[in-house]
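Engineer: Let's have the full structure, built from the sequences with the hints guiding it.
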Amino acid sequence: MKKNVLLAIVLLVALVMPVMAQGSSESSGAFAPSKDIEWFVTSSPGGGSDIYTRSIEKIMTQYNLVNGKTFLVMNKTDGGGEVGRLQVSRVGAGNNANHTLLTFNSGDHDPMLRNTANRIANFTPIAVMAVDKQLLFIGEHSKYKDWAEILTAINAGKNIVIAGSKGDDILTYGLLIEELGVSENQVSFITNDATSDAITSVLGGHVDLVLGKPAAADQYVEAGKLIPVLALSTSRFTGNLAGAPTLSETGPYKDVENAIWRGVVAPGAMSDAAAEFWSNAFKAVAESPEWKRDYIDKYKLVPEFKDWKEAKAYMEEFERTTLQAIGK
Amino acid sequence: MMNNVSMLFSGFAVLFTFQNILATIFGAVLGLLVGAMPGIGSLAGVALLLPLTFKFNPTTAIIMLGALYYANMYGGAFSSILIGIPGDGPAVMTMLDGFPMATKKNRPGQALLTSNLSSFIGGIIGMIILTFMGPLLAEFGLKFGPAEMTALLLVAMTSIGWLVGENPTKGILLTAFGILLASMGMDTLSGMPRYDFGSIYLLGGVPFVPFVIGVVGFSQVIRLMGERHEETKLVVEKLSIKNSMITLHDLKRLLPPAIRSGVMGTFVGVLPGAGATTAAFMGYAVQKSFKSEEPLGTGAIEGIAACEAANNAAAAGAFAPLLALGIPGSGTGAVLLGGLMMWGLNPGPLLFTSSPEFAWGLIASLFLANLITLMISWGVIPFLVKILSVPTRLMIPIITVVCIVGSYSTSNSMYGVLIMFISGVLGFILSETGYNTAPAVLSFVLAPLLESNMRKAFIISRGSLSIFVEKPISLVFIIILVITILFPLIRLALVKFGVMKKK
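Chains as they are written, first to last, in this note's numbering: chain A, 102 to 429; chain B, 71 to 573.
The reader is advised that the hints may include incorrect statements.
Derived EDC-like pairs (lysine to aspartate or glutamate); straight-line CA-CA distance at most 16 Å [stated by the list, open to error]:
1. B:LYS240 with B:GLU502
2. A:LYS393 with A:GLU405
3. B:LYS175 with B:GLU363
4. B:LYS213 with A:GLU241
5. B:LYS125 with A:GLU158
6. A:LYS413 with A:GLU377
No wet-lab data here; the hints were simulated from the structure.
Structural biologist: Here's what the structure looks like:
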């Protein structure tokens, strides 16, 4: 019986929604999902962004935050993710725009600014959920024992090779060599498709260091295969990563930190009511114990929730500084 | 050693519950179906099924996905052999001999059975090696850094030499074309756009599956349109398993290449990023240097056996780094890895010690999946073969639909379909003008791997070539490479001085 009433309400909302959207998007009617939600992820199934998305989806469904509707996760990897981002940014105003989400983090935002003319102004930021940071690791059979030894080698003019993944890792590497005052030739960086490939090459002894996020390296540290040597953060990590000092502890340097935010955006045409609804739904996820246990703690991220208004300011600031840095 | 055997048996003990066996059968059937449809490879299959498995216990879930992944390697060969459209990378090689054997030689049942049996043999060999030396195998894979991989891939590239056909100039031209095409899209190392012509789609490069389906499959549809009024020559009268049996002589021809490729494929599967396609490629190349009763490429049993055994062995070998180190060897492996995390398991160097029942249950399920898949695919051969007696005028729309669906599903966009049509027209024009398209397809597969490994090697060595001879494994491959290239010249000289007889 209850279900029928709910269904009637949903149907009513579905009928009224287009009318409201046509009238004016500012009309103050509360929004609730009236159909399945298309959630775009611009990387492959099983990757970091995909796990992040599906973790949120699971909690939202569990707490029934979406009016009993289902998420359709679409992994759209064409054009390095640019096609999916462009598609979301172009969804026209109306019910579709209110039921479309896109997983978006600094690793997506940065290449979008570099390679395309698409900007955050074409999206409606919904939330920032967490911040990820990185560390440098050596392999168990490495010829160097700790960061001090590596620093001595670097200062003696020796060559060091760091392996890492795309996007954020390259940026962090750039910040690191700038702070150390060395050239790209002396301390070079190898871009891999994923951190797991970078770990493979350090375990095989083909490179000296691997740069990565805690989640990717956790099990290897646990097994003693990787040893954290430098925290790329303004403070030390906790748990099995506590042994790694920050850069300022090891010499006359400033700490290097490149906070990688993980967020969610929607089409620019999404109504304010819908944006408010989604922002609250993500807030509920961020406050749930499951989120803290199964995502934040498990993958050692820093919880940092920003609602849609704060997220907008945050992403715009990120865009401004990034564009400045790349001279666009 | 004995310990591993007892662990494997404990794995079987985990496996033999009603629920888990059912999961294996379900996975195997689904894998065969998914594999048989071009474009919807194991990656899509595993990714689609993954969310459904979150409700299961992890062991049952991975057993089902493992079986699906495994059965896929069988299914990929079906469309390759019967309609000449390779559904995935490894099947490109199977097509070279499988399709002629099914159509020109009129032995479709035998071609399918050869493929199934070789897959089974290759798989079993891979699994036995995995059982006894899983962690060792993973360590072996680690030894292959960028320099070693570059040398290995260069050796693999030389094997394009025997694919160029009668006109070497045309062959080399198409090889170069394949490499050029593969270099489109975002540069894997620096993220710089290359040859994107301002298009956001080209930024991601030319997708592999639509390209192959187009060049090889759709070009054939265009050709068929010219023959649509001709009667289908092939009439398979009696549909029975008996009619698709291979002779004892066939079996004798099948075994040596299958066993050779099985062992080699396992090791190639372990290498980072190499995977089943490279294994199939190498298997076929190695077979070229052994004796085959009929020339390869004309429907030789040895050709089918060599690549099918290699790709299935590689699929088994790929589990070694995945289970022992948590390193996925392929896209599908990465999805499985994501699955492990979602079920609350931590894949990585600790998996064997922290969840032995899980790891060994999975390995045991691979054995069972291999057996079940062989039985099922053997059973469906008579029905599959019937495809060949469908009149050409009906086949044209059917294959076209298969091509469209296959290329759409790889990226969920019409871009794939567009690429498929363009490559189809291109493939048709090329083959009508006497070009063999195989070198383009194969260099298209290998070039990106070669490029990224070579550039990584040069970053490590600061541009010095010496890295390739300083590392022992790489040196061995370089020597093989030099011998392969120089051998025809040396033989010519030896024949001239009468040391060697003319072939």
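Engineer: Taking the hints in turn, state whether each one holds.
Structural biologist: Evaluation of the provided hints:
no., hint, in the structure
1, B:LYS240 with B:GLU502, "holds, 13 Å"
2, A:LYS393 with A:GLU405, "holds, 11 Å"
3, B:LYS175 with B:GLU363, "holds, 14 Å"
4, B:LYS213 with A:GLU241, "holds, 14 Å"
5, B:LYS125 with A:GLU158, "holds, 15 Å"
6, A:LYS413 with A:GLU377, "holds, 13 Å"
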